[in-house]
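Chains E and Y, in that order, are what the protein sequence lines are.
Sequential numbering of the first sequence, starting at 13, is according to the numbering used here.
Sequential numbering of the second sequence, starting at 13, is according to the numbering used here.
Derived by calculation from the structure, the hints in this document are not laboratory data.
Incorrect hints may appear among the rest.
Identical copies go unnamed one by one, so any copy, or any two together, can satisfy a pair.
Each computed EDC-like pair below joins lysine to aspartate or glutamate, with the alpha-carbon atoms no more than 16 Å apart [to be verified]:
(1) Lys459 x Glu122
(2) Lys304 x Asp346
(3) Lys304 x Asp252
(4) Lys304 x Asp410
(5) Lys315 x Asp252
(6) Lys396 x Asp262
(7) Lys304 x Glu337
(8) Lys459 x Glu265
In this text, all values refer to a predicted model and were calculated from it rather than measured experimentally.
There are 2 protein chains.
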Amino acid sequence: MRRDLAEGILFTDQYQLSMAQLYYRMGLAEREARFEHFFRRYPDYGQHQAGYCISAGLAWFSQWVREARFDDESLEALASHTTDTGARVFGDDFLGWLSDVGDLSALRIEAIPEGRVVHPNVPLTVVEGPLALAQIVETPLLNHINFQTLIATKASRVVEAARGGSVLEFGMRRGPERGTNAASRASLVGGADFTSNVGLSHAVGFPPKGTHAHSMVQVFVALGEGELGAFRAYADVYPDECILLVDTIDTLESGVPNAIEVFRELRAKGHEPVGIRLDSGDLAHLAVQSAKMLDEAGFTDQKIVLSSGLDEITIFQILNQIAIEAPRYGVAPDSVIRRLVYGVGTKLATSEGDPSLDGVYKLVAIDGEGGWRPAIKLSDTPAKIVNPGRKEVHRIYDSRGFATADVVAQAGEQLVPPLRLFHPTEEGVERRLSEADVSGSEQLLEKVDPWSPVDEREAIEAARERRIADLERLDIGVRRLVNPHVYHVSLSQASHELKQEIIEEMRRDM
Amino acid sequence: MRRDLAEGILFTDQYQLSMAQLYYRMGLAEREARFEHFFRRYPDYGQHQAGYCISAGLAWFSQWVREARFDDESLEALASHTTDTGARVFGDDFLGWLSDVGDLSALRIEAIPEGRVVHPNVPLTVVEGPLALAQIVETPLLNHINFQTLIATKASRVVEAARGGSVLEFGMRRGPERGTNAASRASLVGGADFTSNVGLSHAVGFPPKGTHAHSMVQVFVALGEGELGAFRAYADVYPDECILLVDTIDTLESGVPNAIEVFRELRAKGHEPVGIRLDSGDLAHLAVQSAKMLDEAGFTDQKIVLSSGLDEITIFQILNQIAIEAPRYGVAPDSVIRRLVYGVGTKLATSEGDPSLDGVYKLVAIDGEGGWRPAIKLSDTPAKIVNPGRKEVHRIYDSRGFATADVVAQAGEQLVPPLRLFHPTEEGVERRLSEADVSGSEQLLEKVDPWSPVDEREAIEAARERRIADLERLDIGVRRLVNPHVYHVSLSQASHELKQEIIEEMRRDM
């Protein structure tokens, strides 16, 4: 498979190129247009819906934009595409224009930076530039940013559930093929401490993490040296980072006692063991029992890594069960919980429960030769009517300093309290904020220059800091894992009025 | 992001490399080992579980194996990895060995070919060779084959639901980043006719397919030329492949009448329009109404492409509704259904409802210096005990020529009726097949040579033919979309006895 062909400028949907050629033939290819990317609803994982998302994927989308070229190989592929009647789909006129254009450097991009808390119906990414190019870029933009935002959101929820415990992303074996690298990166943006993904870790400057698999114990058992032999070998090779997987044979009867024996030997040699890993069974119960056995053997600070089907709800339930169950065995719950580390795999890397973010990319304005004209898409569903015009996003902070609303305003519109905030779909519903209600505000969209490559490690660290800062200013009710309080996304007065005006105009014309 | 580093030989989990170094230090790195990959349960999409899977992903895994190299860049990354104490994780001894090994050509691979109907607990992929290398390859093998098998399975269900209607994969915009290319390919293996993914299509030799987006209509509306202007432009540029998206403004009041007007103009110029596309609203109802309007205008053969949140169950329901609703409007259901084409996007590319296949890769035998020794992994859950030994898979066909069981046998075991087939987990449950019960059998695993590159188009076409042939020999009850009949996967007598023997032996030793 020719991966370069499949991942370069042709990493898009056929209709984007069909439309681009049409625009070219109609003399509209270079007409300035503005598209905005936004999602319509938070991921909904079955019984529970997210209350916020974490933006991610911009750096990799930027890299794609920077590297994509209308090169000979791509243009030859397009030239070879024929219809059933044998006619060429793309003409030399259009391909010649693409060749002259060369790349996507004519596009201007704005975006809400990675790691920020974001909400529905707010432009996350904005593209302005020649209509044909802005159209072609729809698919790769959505593909990169929808997926990483989805995974960063799930990761953030898992990290919140872990209440300060370390979170490791382990999802590669059942992750979505090459997309698993994006999932590992987005997990780091969303607050996971590390990932087991070796190549991705090195590519973005984080050390990969891992323990060992059941197969290692199986090898030693099959060769007659047993679980104890396997553990001794591991301790021997990794004396300062010895985490032993204790559930290959029987966790409490074999695994933990053998681990303790090897830990004693390690300590006698001057090394402090790191911990054990539990990968099956009732993790809460086994964590309590293992902690008790480790405590009694004098290993009070060793970590207990939990894995196997974890997600934010499972972690929440495990911590709850430990709080109830530990005292029955004379163990202080906190002494168990403080040593837990969470290996979260498939359910994080696939966002199980809701494996896609419904982000869309809509035309909101086009140069009508004499200035921008707002564009709209009507729909029988009011929530699906696209907000017209070139927009900005203002985040308003309340008197406590907490974010209280994201306001979709028109470009250049001044938002000075007292403010009227309009419900985005329910006509007549509005909210007023006085000067005393508002402690501050900021614009969320920033200019992006894809031609200035970023250092991945720095970009991820900066995104992680943004996430923490935004969560500290987000109502605890909105952060709740199940049935969160709904954050306000509103239209400004100018956005509201423009939308009403255009809807009326279009309905008149029909 | 250094994609070459992230997608080459380091596209694996950290613990695979930690174990590989341990095996090296213990003198076991080159010990012959056998791992088998299998999944434990069919994808379960919430209210409905699959009754079979379609194998896919082998060709791309083979490409990864062929291209992966322990090159300087990868080895330098590993050499740079230090623990919290500053010590190097991987020593020069181990890295030197990897460098000498160079690539993965020492591994021997067998697999069930792509496109075949496959079932749980049956080895799909088998790797034999030096223990350390076979271990490293676990993650990339699972990553490639689990995901494509997952998507090919979903595609096959969608294609079965479409009852002969054409299926197009449209999932790129919300698919899992680069993994969406694998999803597009797996959809083709699973029976989708085409994909909208341009780069992937060209890379595997299929023409990409697509229509146009709402944004094209929006452009013309914003510039004062309306939906009709947009449709005319499209018909002008694509006279022989004119499919018009009719729901940007109002499907039945605006879109379909405008499409019919343009279709008449097209036909007057000697071109036959291809059809319309519906992308919102009650698709069944709109399909009936649109078909009626098209019929009345003399466009009886034009296609109606449906899209928007489709999956196998939605398609099933739509066809059902059309069968009930069409006659009320004097329309023959079949005259609607025969013109339907299905654009299936997000729910296919993400396998919504169950976004992962639970495939695992387990050590089943290791060279004990004097021949293979079976390896086992015990578990408190009987279904999770790994079947030991070097195994083969036989598919048994009943007297009608339908597949009646997949039998997990030991390598070289002769399966001659009368056969005793043992339930894989429930002790004492067995089934007997007499000579008259069996019309034939075949072995499913075949040798794979990753160093013989395949032509992608030919590989996919061959896989599609295998799928069709296998489905024709699969009980219709097993193919049912909801609550399918359970296909038999059994242990042969030798597999059954070996498993019992080893479990007893291990329990004795504990």
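The hints, checked one at a time:
1. Lys459 x Glu122: within (4 Å within a copy, 52 Å between copies)
2. Lys304 x Asp346: within (12 Å within a copy, 69 Å between copies)
3. Lys304 x Asp252: neither (23 Å within a copy, 75 Å between copies)
4. Lys304 x Asp410: So Lys304 and Asp410 fail the 16 Å test inside a copy (47 Å) and across (56 Å) alike.
5. Lys315 x Asp252: within (13 Å within a copy, 66 Å between copies)
6. Lys396 x Asp262: Close across copies (13 Å), not inside one copy (54 Å); limit 16 Å.
7. Lys304 x Glu337: This pair counts as within: shortest intra-copy Cα distance 12 Å, inter-copy 66 Å.
8. Lys459 x Glu265: The answer is neither: 59 Å in one copy and 41 Å across copies each exceed 16 Å.
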